[in-house]
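With chain A held as given, fit chain B onto it using these hints.
Protein chains: 2
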Amino acid sequence: MDSFGAGMGEGPILGAVETGGTKIICAVGDIDGRITDRMTIPTDVPDVSVPKILEFFSDKDIDAIGIGAFGPIDVIPESENYGSIRKCERRGWSHYPLLRTICDGLGVPGDMDTDVNTACLGEYRYGAGKGAEVLLYITVGTGIGIGITIDGRPLHGMMHPEGGHVAAVRHPDDRFEGTCPFHGGCIEGLACGPAIKGRWGAEGKDLEDRPEVWEMEAHYLSQLVRNCMMTVAPNRIVMGGGVMQQTRLFPMIRQRVREQVNGYMDCPETSDMENYIVPSALGGDQALLGGFVLAHSALRGKGGIR
Amino acid sequence: MDSFGAGMGEGPILGAVETGGTKIICAVGDIDGRITDRMTIPTDVPDVSVPKILEFFSDKDIDAIGIGAFGPIDVIPESENYGSIRKCERRGWSHYPLLRTICDGLGVPGDMDTDVNTACLGEYRYGAGKGAEVLLYITVGTGIGIGITIDGRPLHGMMHPEGGHVAAVRHPDDRFEGTCPFHGGCIEGLACGPAIKGRWGAEGKDLEDRPEVWEMEAHYLSQLVRNCMMTVAPNRIVMGGGVMQQTRLFPMIRQRVREQVNGYMDCPETSDMENYIVPSALGGDQALLGGFVLAHSALRGKGGIR
Numbered sequence: 006m007d008s009f010g011a012g013m014g015e016g017p018i019l020g021a022v023e024t025g026g027t028k029i030i031c032a033v034g035d036i037d038g039r040i041t042d043r044m045t046i047p048t049d050v051p052d053v054s055v056p057k058i059l060e061f062f063s064d065k066d067i068d069a070i071g072i073g074a075f076g077p078i079d080v081i082p083e084s085e086n087y088g089s090i091r092k093c094e095r096r097g098w099s100h101y102p103l104l105r106t107i108c109d110g111l112g113v114p115g116d117m118d119t120d121v122n123t124a125c126l127g128e129y130r131y132g133a134g135k136g137a138e139v140l141l142y143i144t145v146g147t148g149i150g151i152g153i154t155i156d157g158r159p160l161h162g163m164m165h166p167e168g169g170h171v172a173a174v175r176h177p178d179d180r181f182e183g184t185c186p187f188h189g190g191c192i193e194g195l196a197c198g199p200a201i202k203g204r205w206g207a208e209g210k211d212l213e214d215r216p217e218v219w220e221m222e223a224h225y226l227s228q229l230v231r232n233c234m235m236t237v238a239p240n241r242i243v244m245g246g247g248v249m250q251q252t253r254l255f256p257m258i259r260q261r262v263r264e265q266v267n268g269y270m271d272c273p274e275t276s277d278m279e280n281y282i283v284p285s286a287l288g289g290d291q292a293l294l295g296g297f298v299l300a301h302s303a304l305r306g307k308g309g310i311r
Numbered sequence: 006m007d008s009f010g011a012g013m014g015e016g017p018i019l020g021a022v023e024t025g026g027t028k029i030i031c032a033v034g035d036i037d038g039r040i041t042d043r044m045t046i047p048t049d050v051p052d053v054s055v056p057k058i059l060e061f062f063s064d065k066d067i068d069a070i071g072i073g074a075f076g077p078i079d080v081i082p083e084s085e086n087y088g089s090i091r092k093c094e095r096r097g098w099s100h101y102p103l104l105r106t107i108c109d110g111l112g113v114p115g116d117m118d119t120d121v122n123t124a125c126l127g128e129y130r131y132g133a134g135k136g137a138e139v140l141l142y143i144t145v146g147t148g149i150g151i152g153i154t155i156d157g158r159p160l161h162g163m164m165h166p167e168g169g170h171v172a173a174v175r176h177p178d179d180r181f182e183g184t185c186p187f188h189g190g191c192i193e194g195l196a197c198g199p200a201i202k203g204r205w206g207a208e209g210k211d212l213e214d215r216p217e218v219w220e221m222e223a224h225y226l227s228q229l230v231r232n233c234m235m236t237v238a239p240n241r242i243v244m245g246g247g248v249m250q251q252t253r254l255f256p257m258i259r260q261r262v263r264e265q266v267n268g269y270m271d272c273p274e275t276s277d278m279e280n281y282i283v284p285s286a287l288g289g290d291q292a293l294l295g296g297f298v299l300a301h302s303a304l305r306g307k308g309g310i311r
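Here the protein sequences line up with chains A and B, keeping their order. Each residue of the first sequence is one higher than the last, beginning at 6 in our numbering. Each residue of the second sequence is one higher than the last, beginning at 6 in our numbering.
These aren't lab readings, by the way, just hints derived from the structure by calculation. For each residue, glycine too, the CB sits at the ideal point set by N, CA and C. Be careful, since some hints might not be right.
[As the list claims (entries may be wrong)] Quick list of in silico lysine to any residue cross-link-like pairs, SDA-like style, CA-CA up to 25 Å:
| no. | chain 1 | residue 1 | chain 2 | residue 2 |
| --- | --- | --- | --- | --- |
| 1 | A | Lys307 | B | Glu138 |
| 2 | B | Lys135 | A | Arg158 |
| 3 | A | Lys28 | A | Val139 |
| 4 | B | Lys210 | B | Asp179 |
| 5 | B | Lys92 | A | Tyr269 |
| 6 | B | Lys307 | B | Asn86 |
| 7 | B | Lys65 | B | Ile81 |
| 8 | A | Lys135 | B | Ser84 |
| 9 | B | Lys307 | A | Val139 |
| 10 | A | Lys92 | B | Glu138 |
| 11 | A | Lys92 | B | Arg263 |
| 12 | A | Lys135 | B | Glu85 |
| 13 | B | Lys135 | A | Ser84 |
| 14 | B | Lys92 | A | Glu264 |
| 15 | B | Lys202 | A | Tyr269 |
| 16 | A | Lys135 | B | Gly38 |
| 17 | B | Lys135 | A | Gly308 |
| 18 | A | Lys92 | B | Arg261 |
| 19 | A | Lys28 | A | Tyr131 |
| 20 | A | Lys135 | B | Lys210 |
| 21 | A | Lys28 | B | Tyr269 |
| 22 | A | Lys135 | B | Ile81 |
| 23 | A | Lys28 | A | Cys93 |
| 24 | A | Lys57 | A | Arg91 |
| 25 | B | Lys57 | B | Thr45 |
| 26 | A | Lys65 | A | Gly16 |
| 27 | A | Lys307 | A | Cys93 |
| 28 | A | Lys135 | A | Thr27 |
| 29 | A | Lys307 | B | Arg158 |
| 30 | A | Lys202 | A | Trp219 |
| 31 | A | Lys135 | B | Asp277 |
[What the hints assert, rightly or not] Take a look, some chain A residues computed to stay more than 12 Å from chain B by CB distance:
| no. | residue |
| --- | --- |
| 32 | Gly16 |
| 33 | Pro47 |
| 34 | Arg91 |
| 35 | Arg96 |
| 36 | Tyr131 |
| 37 | Arg158 |
| 38 | Gly169 |
| 39 | Leu212 |
| 40 | Glu217 |
Bound-form chain A, shown alone (with noise of 0.2 Å):
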């Protein structure tokens, strides 16, 4: 019997947040990756969105909190703004130490990384990547991001990864400029789902009669995946975001990276293409999953802060 906590008879109680562009999730849950209580709040300024989440968990008797944060964030240990949000456009969140504030406002340890990473690192406990040792984990929504882990622990260099921002070879048919106010037509440009909106006149779900969209989309992505693959060879490559409930674009991919590997990496992975290349096992409940594993290794003093 673990000595930290109480409420649920065993093991500690931990908080888990999932920022996104548009909503925060707050949950409670255990190491086990169970979720006893949730809360979902659409994403305001700090002032506003922030009191909420410590309100949420002011009576969880919660022992340590882990967060998915959107990006960039400062996710450098000896950095003096770790846990804090970096520069962005999101009105009021650039330089917000959302970490330490939701840490010291609870008075629990914690830790934090993008909401991508940490959707990677809850495949690798709990879902479709258990086990992968370089796990990859893609998310198409309102924008594309990668998170990467190996041997289940977050990839940081001199920051997070930004895959979706790599270059991107268009598709012949394709005249649309790109969403990316950095890149223009970078793979997120071309491929998140306001691009697919900008391009096409109408959102993802009213352009499911249309094969030309898919294809297009296909295109994109398959040439991230080739690029991550030829990069960082990951033994498994879970997909999610909001574009790919498309659950169609599932073996465009696979089909398209195999045409495009053309057998350069012939490995058993490569040869189980449905296996290799799958949904999120999660329900969208893979970065709340993947707070509760840096909640408990920030009570352990594994990383994080207190």
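Just chain B, lined up with the frame of chain A:
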């Protein structure tokens, strides 16, 4: 004082082998990065080359050996083919058990990685990549390869990185079809040494007064750098290989990377490009020196075979 070996007074005597497309280099040295003896032979079929390697080391009294080999190779510790060359187009080398043959032939433990991962390890320990948590090494020569170390440990997933084979956005003036037998116009196919020769009809060293050659080369190499940055956020990028002897490429690549990243990765590292994208500091010996690191680890039972 170390208990291994005695030949150089202190510490074990280490052997290193670098197998390249045209030549094989063997070296003797120590973990301080001193090379005390070396031999270079042309690359032939294994039945010719490997006996010469074994003969060279036969009187060198080495305690362990590290090999940096042309890929693709089997780097999965659990594999029964660990340390073998994988299927390749090089006559005689497909499935050749290089590490096992050399370790058994010399009666010493050893380890093996790709030439580029091994070079990356050399730069991390002795060269231009000291202290870089995530270090990226890019070689541009007969092929284009990448190596990645994370905290000094070479990255492997289902196999090793093969970063030269990412998709390439073509230079608008480029009509060259590309040299890669797998992907045609991937970055390697459009920017390796043979691609320069195929496109312009001469070797790089005879094209020094043709600025359009280097402008196009920088276009492709900066794209590779940008994609790797977005994927693994390296703390430093070391570039080596024959083509990078054209040192004019460094400022051209830095400038284009700065333009392409466009402020998106705003880190201390990227604000000092001259110290972020740097030439190898080991004068061509980076893979041999990385071989010493592999040998030393194998001697201590960390990785490799006995």
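Hints, verified against the model:
no., hint, verdict
1, A:Lys307 / B:Glu138, "holds, 18 Å"
2, B:Lys135 / A:Arg158, "holds, 22 Å"
3, A:Lys28 / A:Val139, "violated, 29 Å"
4, B:Lys210 / B:Asp179, "holds, 20 Å"
5, B:Lys92 / A:Tyr269, "holds, 10 Å"
6, B:Lys307 / B:Asn86, "holds, 18 Å"
7, B:Lys65 / B:Ile81, "violated, 29 Å"
8, A:Lys135 / B:Ser84, "holds, 20 Å"
9, B:Lys307 / A:Val139, "holds, 20 Å"
10, A:Lys92 / B:Glu138, "holds, 23 Å"
11, A:Lys92 / B:Arg263, "holds, 18 Å"
12, A:Lys135 / B:Glu85, "holds, 23 Å"
13, B:Lys135 / A:Ser84, "holds, 20 Å"
14, B:Lys92 / A:Glu264, "holds, 18 Å"
15, B:Lys202 / A:Tyr269, "holds, 24 Å"
16, A:Lys135 / B:Gly38, "violated, 39 Å"
17, B:Lys135 / A:Gly308, "holds, 23 Å"
18, A:Lys92 / B:Arg261, "holds, 23 Å"
19, A:Lys28 / A:Tyr131, "holds, 23 Å"
20, A:Lys135 / B:Lys210, "violated, 50 Å"
21, A:Lys28 / B:Tyr269, "holds, 24 Å"
22, A:Lys135 / B:Ile81, "holds, 18 Å"
23, A:Lys28 / A:Cys93, "holds, 17 Å"
24, A:Lys57 / A:Arg91, "holds, 22 Å"
25, B:Lys57 / B:Thr45, "holds, 10 Å"
26, A:Lys65 / A:Gly16, "holds, 14 Å"
27, A:Lys307 / A:Cys93, "violated, 28 Å"
28, A:Lys135 / A:Thr27, "violated, 29 Å"
29, A:Lys307 / B:Arg158, "holds, 20 Å"
30, A:Lys202 / A:Trp219, "holds, 12 Å"
31, A:Lys135 / B:Asp277, "violated, 39 Å"
32, Gly16, "holds, 30 Å"
33, Pro47, "holds, 26 Å"
34, Arg91, "violated, 7 Å"
35, Arg96, "holds, 19 Å"
36, Tyr131, "holds, 20 Å"
37, Arg158, "violated, 9 Å"
38, Gly169, "violated, 8 Å"
39, Leu212, "holds, 25 Å"
40, Glu217, "holds, 21 Å"
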